[in-house]
Amino acid sequence: MALSAFSFPTYVSKATNSGPHKSSPVTSHFFGAALFSHFSHKLDNHQLKKRPNGVCASLSERGEYHSQRPPTPLLDTINYPIHMKNLSIRELKQLADELRADVIFNVSKTGGHLGSSLGVIELTVALHYVFNAPKDRILWDVGHQTYPHKILTGRRDKMHTMRQTDGLSGFTKRSESEYDCFGTGHSSTSISAGLGMAVGRDLKGRKNNVVAVIGDGAMTAGQAYEAMNNAGYLDSDMIVILNDNKQVSLPTATLDGPIPPVGALSSALSRLQSNRPLRELREVAKGVTKQIGGPMHELAAKVDEYARGMISGSGSTLFEELGLYYIGPVDGHNVDDLVAILDEVKNTKTTGPVLIHVVTEKGRGYPYAEKAADKYHGVAKFDPATGKQFKSSARTQSYTTYFAEALIAEAEVDKDVVAIHAAMGGGTGLNLFLRRFPTRCFDVGIAEQHAVTFAAGLACEGLKPFCAIYSSFMQRAYDQVVHDVDLQKLPVRFAMDRAGLVGADGPTHCGSFDVTFMACLPNMVVMAPSDEAELFHMVATAAAIDDRPSCFRYPRGNGIGVELPPGNKGIPLEVGKGRILIEGERVALLGYGTAVQSCLAASALLESHGLRLTVADARFCKPLDHALIRSLAKSHEVLITVEEGSIGGFGSHVVQFLALDGLLDGTVKWRPLVLPDRYIDHGSPADQLAQAGLTPSHIAATVFNILGQTREALEIMSFKS
Amino acid sequence: MRCSSYGLIIPGSESRFLTTTTTPTTNKKPDRFPRIYPTSVSFGSLKVKAKLNDAAGGTATATAVVDESKELSFYDLLGIPESVSLVEIKQAYKQMARKYHPDVSPPDRVEEYTQRFIRVQEAYETLSDPGLRALYDRDLSMGLHLAFSARRRQQNDDFQVRSEWRNRWQSQLSELKRRSMNKDAGGNISWAARMRRKRDGLSQEL
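So the sequences go chain by chain: A and B.
When the count follows the UniProt record's numbering, it moves up by one through the first sequence with no breaks and lands on 721 for the last residue.
When the count follows the UniProt record's numbering, it moves up by one through the second sequence with no breaks and lands on 206 for the last residue.
No wet-lab data here; the hints were simulated from the structure.
One thing to keep in mind: the hints can contain errors.
As the list claims (entries may be wrong) - Taking beta-carbon pairs under 7 Å as the criterion, some of the chain B residues facing chain A (in silico):
1. Gln95
2. Leu173
3. Ala192
Virtual Cβ for every residue (Gly too), placed ideally from N, Cα, C.
Please work from the sequences and hints to get the whole structure.
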């Protein structure tokens, strides 16, 4: 008993909502803490005083973080949502706490998205308690907040493989589990898909529920409104849960502090939350309707309707006008409230589309995440007790950082250079640009289509816009690129980061197609740097190309360590000219982008076998360096084009030229090396490259195969480092 | 006679609105409201609103530095225009702090200078945090100049806010239930209503 008095003085005076359930936390946590207190690290006491009610019930809130697996007696009994059905609300709260501790523990071991998962713990528990997945469809927008969902739906034992080769995907994936209804990764698709599932259910005559969870950041994208507009019109029964944590851009902070949300919608949502004076007037209106009530149903309903519309604050009327019934705001960390509301809505026979506005806090329950400016959105492996991430130090910086520095250098010299990104200030490196030129960096929210046309408008006025959008997110804005930029030949520059394979994020974020879809456009200049110094030069080249659109792509990862141009200022390259890196004979490797590095490595491998290859860097896919290709084709037996892109890209353009120029009528053999015709799953970059067949060993083996030396080819492939 | 809490509520009248606070059970019919007398309350709220507007908008009747500084917005306190960057806010704050710090203020005006210093510090704390600053700018545009401590008190009123929210969504839920009864009435020609009628018609036949 002395131990309990020591450990839990605060529990006895618990003053929160669960009045009748006072005694329980003492018993459950007493056991846990007594056994494991000597393994844990305690935080400073003053950190526990954050909550106004002064009491922290959860393991994580008490500040005990375990480097070994935390005790989770209740969570251990749950493998699937069906095992939760007999729990009481009190037990659900305990489950939420244990789930939180488990998520923190798992992410600390593997890295991944932490803050968003912590924000939806209670929501996940409530959803799986009230609804019957997988019959009831629960969709998660973007999917990076589904770690607790995966734990509760039979994948807890695989959480240590999160984001690794052959392990769990970091997003929802239909092929992974029947509880993942829809594959996500790009944002703002959940309402559309949910509506599709609801309408499909109606057509098939089924009776399940459909719930789509979407964040306020994803709400800034147009597709969410397209979906809501359609949902309001079709009037099919479905529930949209707006997870509002006031974090709209990624990372959720600039270099100097948290980002206030971009866009007018966020202030509308805030107004909804702080509606006090307006609520009074609504109550007055309700009082009036109560008095008229009774047989005068219709009139009373109308009065209430008008009162709602007039008085309820401009935010909810937005959703109401779109045809969704608005409920909220609701405290997203209160399991009681969530279960009550979800239960009510589920049991109401015909609702049409309903929007439940849930207010959560990103990173909730882990003090380090709550206090961090970026709310620990995406983290590497870390130590749970101190919150320190284990970031490996590299000799060179990422291509993203180099791009930002190059752009800053261009903008110093030319005041017309402006930068645009779509809620990815950190991911594109433009936070650095923002710090240096606060008025020349534009974050448009998750709206790539708008970003491109916005850039087109800027270009019309004589500015030099640089659109920094990930290669795979550019897919969203393709029509705008074609119609608004390329067709009119406006000088918009596209900087496509995360080109090629991207590692742990998987096929949803993989930039395989950008060479193909950019190079087929008539007016576009398409180029790719083979190393960071080339990147600086290409940024300068893009800045100099002022009569047509241009784009360049660079991968995820760090530079190789070449010398950077002085002052970070690149020199514009001659458009349509490549370069030869190594002079050799018989076989020529023509690489595009960072694949050139693999070609150089391959040629080093082949040196030891007595072959001296020519390695060339094409630099430009459009316009091609015709002279270079002609000379390579005429003086070599074999020409191999290598790129980290899909079919229809650089290699196709080269062979088109070869064919039209009559070079294929001679003796040269041409072979392409491209990404295979299938999606490559998430994993480490090395594994992915091996799966794609683009490692230096693969290139060397291809050379041997063409030369007829198949034995050596096999040798090289089996001698894998 | 300034209202100390953020909301435009007369302190005494809160009790008329908030009845239950801690029951966690599900949907309660809003039958606790009939105690309200709409007319008198609405007058009261308007009065308070008017008072606040006077206090916020007009220049102070008192002439002392302290009273005046209560009227000033945070931007005026720091002596900066509204669209300044963090760096300039910092500089302005440092200047003001140096001027009004109790240790360096003239002995006969220590009291009021200290008050001023406290306000300057509140101003800096609010304006230097982009999130708080955004909120403050919004309030400013609505005509309310509020001290930071008032907002902090409001944030500490978490529990009260949550229970307000609870009342609101409970009434929204009951409204939803009421609406759902008429949802599939003959007049509703939406696609889903037609599907539902068909589905229910079929199941009734079976």
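Evaluation of the provided hints:
Given the 7 Å rule on beta carbons, the hint for glutamine 95 of chain B is violated: about 21 Å separates it from the nearest Cβ of chain A. At its closest, the beta carbon of leucine 173 of chain B sits 5 Å from a beta carbon of chain A; the interface hint therefore holds under the 7 Å criterion. Here the hint on alanine 192 of chain B is kept, as its CB sits about 4 Å from the closest CB of chain A, short of 7 Å.
The structure fails to meet hint 1 from the earlier list, while all remaining hints are met.
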